[in-house]
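Protein chains: 2
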Amino acid sequence: MCQSDRVTATSPQPRPSVCVLGLGLIGGSLLRALAATGRPAFGYNRSEATVAAAAESGFDVSTDLVATLARAAEQSALIVIATPAPTVTAIVAAVAEHAPRCPLTDVVSVKQPVADAVHAQGLSSNFVGGHPMAGSADSGWAATDPALFDGAVWVVATDDGADPHVWRTVAQLALEVGSRVIPAASDEHDRAVAGISHLPHLTAAVTAVVGAGEGELALRLAAGSFRDGTRVAGTKPSAQRAMLEANDIALLNALSETIDRLTRARDQLRDEGSVEILVDDGHRARKRYEQINASADVPVTDVVIGSHGWEAALRDAARRGGVWTGQTRSANPG
Amino acid sequence: MCQSDRVTATSPQPRPSVCVLGLGLIGGSLLRALAATGRPAFGYNRSEATVAAAAESGFDVSTDLVATLARAAEQSALIVIATPAPTVTAIVAAVAEHAPRCPLTDVVSVKQPVADAVHAQGLSSNFVGGHPMAGSADSGWAATDPALFDGAVWVVATDDGADPHVWRTVAQLALEVGSRVIPAASDEHDRAVAGISHLPHLTAAVTAVVGAGEGELALRLAAGSFRDGTRVAGTKPSAQRAMLEANDIALLNALSETIDRLTRARDQLRDEGSVEILVDDGHRARKRYEQINASADVPVTDVVIGSHGWEAALRDAARRGGVWTGQTRSANPG
Numbered sequence: 011m012c013q014s015d016r017v018t019a020t021s022p023q024p025r026p027s028v029c030v031l032g033l034g035l036i037g038g039s040l041l042r043a044l045a046a047t048g049r050p051a052f053g054y055n056r057s058e059a060t061v062a063a064a065a066e067s068g069f070d071v072s073t074d075l076v077a078t079l080a081r082a083a084e085q086s087a088l089i090v091i092a093t094p095a096p097t098v099t100a101i102v103a104a105v106a107e108h109a110p111r112c113p114l115t116d117v118v119s120v121k122q123p124v125a126d127a128v129h130a131q132g133l134s135s136n137f138v139g140g141h142p143m144a145g146s147a148d149s150g151w152a153a154t155d156p157a158l159f160d161g162a163v164w165v166v167a168t169d170d171g172a173d174p175h176v177w178r179t180v181a182q183l184a185l186e187v188g189s190r191v192i193p194a195a196s197d198e199h200d201r202a203v204a205g206i207s208h209l210p211h212l213t214a215a216v217t218a219v220v221g222a223g224e225g226e227l228a229l230r231l232a233a234g235s236f237r238d239g240t241r242v243a244g245t246k247p248s249a250q251r252a253m254l255e256a257n258d259i260a261l262l263n264a265l266s267e268t269i270d271r272l273t274r275a276r277d278q279l280r281d282e283g284s285v286e287i288l289v290d291d292g293h294r295a296r297k298r299y300e301q302i303n304a305s306a307d308v309p310v311t312d313v314v315i316g317s318h319g320w321e322a323a324l325r326d327a328a329r330r331g332g333v334w335t336g337q338t339r340s341a342n343p344g
Numbered sequence: 011m012c013q014s015d016r017v018t019a020t021s022p023q024p025r026p027s028v029c030v031l032g033l034g035l036i037g038g039s040l041l042r043a044l045a046a047t048g049r050p051a052f053g054y055n056r057s058e059a060t061v062a063a064a065a066e067s068g069f070d071v072s073t074d075l076v077a078t079l080a081r082a083a084e085q086s087a088l089i090v091i092a093t094p095a096p097t098v099t100a101i102v103a104a105v106a107e108h109a110p111r112c113p114l115t116d117v118v119s120v121k122q123p124v125a126d127a128v129h130a131q132g133l134s135s136n137f138v139g140g141h142p143m144a145g146s147a148d149s150g151w152a153a154t155d156p157a158l159f160d161g162a163v164w165v166v167a168t169d170d171g172a173d174p175h176v177w178r179t180v181a182q183l184a185l186e187v188g189s190r191v192i193p194a195a196s197d198e199h200d201r202a203v204a205g206i207s208h209l210p211h212l213t214a215a216v217t218a219v220v221g222a223g224e225g226e227l228a229l230r231l232a233a234g235s236f237r238d239g240t241r242v243a244g245t246k247p248s249a250q251r252a253m254l255e256a257n258d259i260a261l262l263n264a265l266s267e268t269i270d271r272l273t274r275a276r277d278q279l280r281d282e283g284s285v286e287i288l289v290d291d292g293h294r295a296r297k298r299y300e301q302i303n304a305s306a307d308v309p310v311t312d313v314v315i316g317s318h319g320w321e322a323a324l325r326d327a328a329r330r331g332g333v334w335t336g337q338t339r340s341a342n343p344g
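These protein sequence lines are chains A and B, in that order.
One point on numbering: in my numbering, the residue at position 258 of the first sequence is 268, and numbering is uninterrupted.
One point on numbering: in my numbering, the residue at position 270 of the second sequence is 280, and numbering is uninterrupted.
Note that these hints are calculated values from the structure, not bench results.
Treat the hints with care, since some could be wrong.
Chain copies aren't distinguished; within one or between two, either way the pair holds.
[Unchecked claim] No more than 16 Å apart at the CA atoms, straight line, and that leaves these computed lysine to aspartate or glutamate pairs for EDC-like:
no.	residue 1	residue 2
1	LYS297	ASP173
2	LYS297	GLU267
3	LYS246	ASP148
4	LYS297	GLU226
5	LYS246	GLU286
6	LYS246	GLU300
7	LYS246	ASP290
As the structure is a computational prediction, the values presented were derived from the model and not from experiment.
Chain A on its own, in the form it takes in the complex:
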């Protein structure tokens, strides 16, 4: 097959208005970030205090879910579910009732359970999930930040059978707010975040508890290793639980492996006075992370969204360091 070297933008993508459901840290920051790019956007939150605060900042927001969805349907808006994981089933049911034809995505921290909820409502053909890997220990509208997604990884779910048009609409949203789009299958995403995002909350928590158990003097001696190693344990417990418990199967596996490795480390320390294996393995893993983190993104330019097998091709490219930038090296028709 002959390909030219010409790099072009993919076919012009419409920029539908965006309807953000849930105005916490992620949803609220998204509304702010979209406003900064000039994209028409409006939002919903069930809390009157949050809506009052967002309205005071000049945003177009409401506590009326049905009215908000009716407006989304009228405008064929892209709907973004940004509510906590335990509420997703109810929100998806409302979307199915009031805006069943709108393109639909989410920014929830697990992907397979959201895809399942969407499937149960018959909305799979409108839906491509997403997950911006951004956050902070703070939460709520007061913590929102229009720059939250700048340079962050935004996973766009790339499961077999995804609608190419919706996929591009969702990827475009992520690019527009400055994120780096990484395509991944929903279940692959959930296993990955169990290891690199959800487990770190539990190891931070247990480190905090055992350290604090040594008393006030110990906490006064605590320096950088404790400060950094326990930081995310300070996140609001309800937010942590919503995230971790929604990914329970993958997290159970990661947690069991953690316990096994720590038990082997304890046995080696007790029997040989050594922590060599865990310290060496940990050092290697951390260095690999630093290396990967320092390496430049590789734009994926040889996959045409919607072509045969594009989903698997994108996933493979991402596993080798690829990011989607919206640029495709066009095939040469000659």
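Assemble the complex: chain A is given as a structure, and chain B must be docked to it using the hints.
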């Protein structure tokens, strides 16, 4: 007992020259920090490369341990042992042979094993241990920093029977380089750092290993929780092992408690789909740490070093938030 409100410096403390044995991150930074205060200081390191680098920076250093100790003996210098924990026994033996009358301290990360090694050489009456709670993931002379101790906690071992003169000499050294002096018993220190410094290395390591086990894609998705939670796993493995293995008994206890708590969390997640207990406990512990960390130091001014029971009085004060600043509220003789 009637006390005046007059706060005075303790009896003028001589400022002996300082002999630093070991010029890694801590020892080298100490030599730099002392030079910045104008205190006469010289150093030893067994590596010719390190000594060449330090000499090139203008420091008075040598690879000859015996000659360095002979010079310390001649000047009645304060000797600071700053070599890795596994080398301490041999270094203390050399001090006993060549400089048995010098005041002696150390900056090693465990206190009881060093005190035991000193006791075995009959040097206990010259010795007061210390531990600056400062460091970084980097090591060696190239990483040294004269500001490393600025605002850091410096534990000064305060065991029953400590020589008051040596204690003041060591505390003065820590104050001079900008540290906050916290008195603690050697065994109490070792239990505390097992929880807040040594265990965090193992939880960071296991978090890194399990996360990296999910593959390159997972590491590319890793955000703040993984970055901060695994940072200290990047420390040179030999430095981590020297520190952790020297504190094996206390670390075994902390590690066993960690495994127990993670196992209970796994059981709760498996049986109830909940991580409530560990997440809530971790949040409470982290908030307590933040609160203690934000509270102002309380200067201990009502303990006269060398008075009856001063060691226990200092330890008690430190457990309630006290730091030693070198100022004592003098007793009113009337």
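Structure-based check of all given hints:
no.	hint	result
1	LYS297 - ASP173	neither (38 Å within a copy, 45 Å between copies)
2	LYS297 - GLU267	neither (20 Å within a copy, 28 Å between copies)
3	LYS246 - ASP148	within (7 Å within a copy, 33 Å between copies)
4	LYS297 - GLU226	between (34 Å within a copy, 12 Å between copies)
5	LYS246 - GLU286	between (35 Å within a copy, 12 Å between copies)
6	LYS246 - GLU300	between (28 Å within a copy, 14 Å between copies)
7	LYS246 - ASP290	between (33 Å within a copy, 9 Å between copies)
In this structure, the earlier hints numbered 1 and 2 are contradicted, and the remaining ones agree with it.
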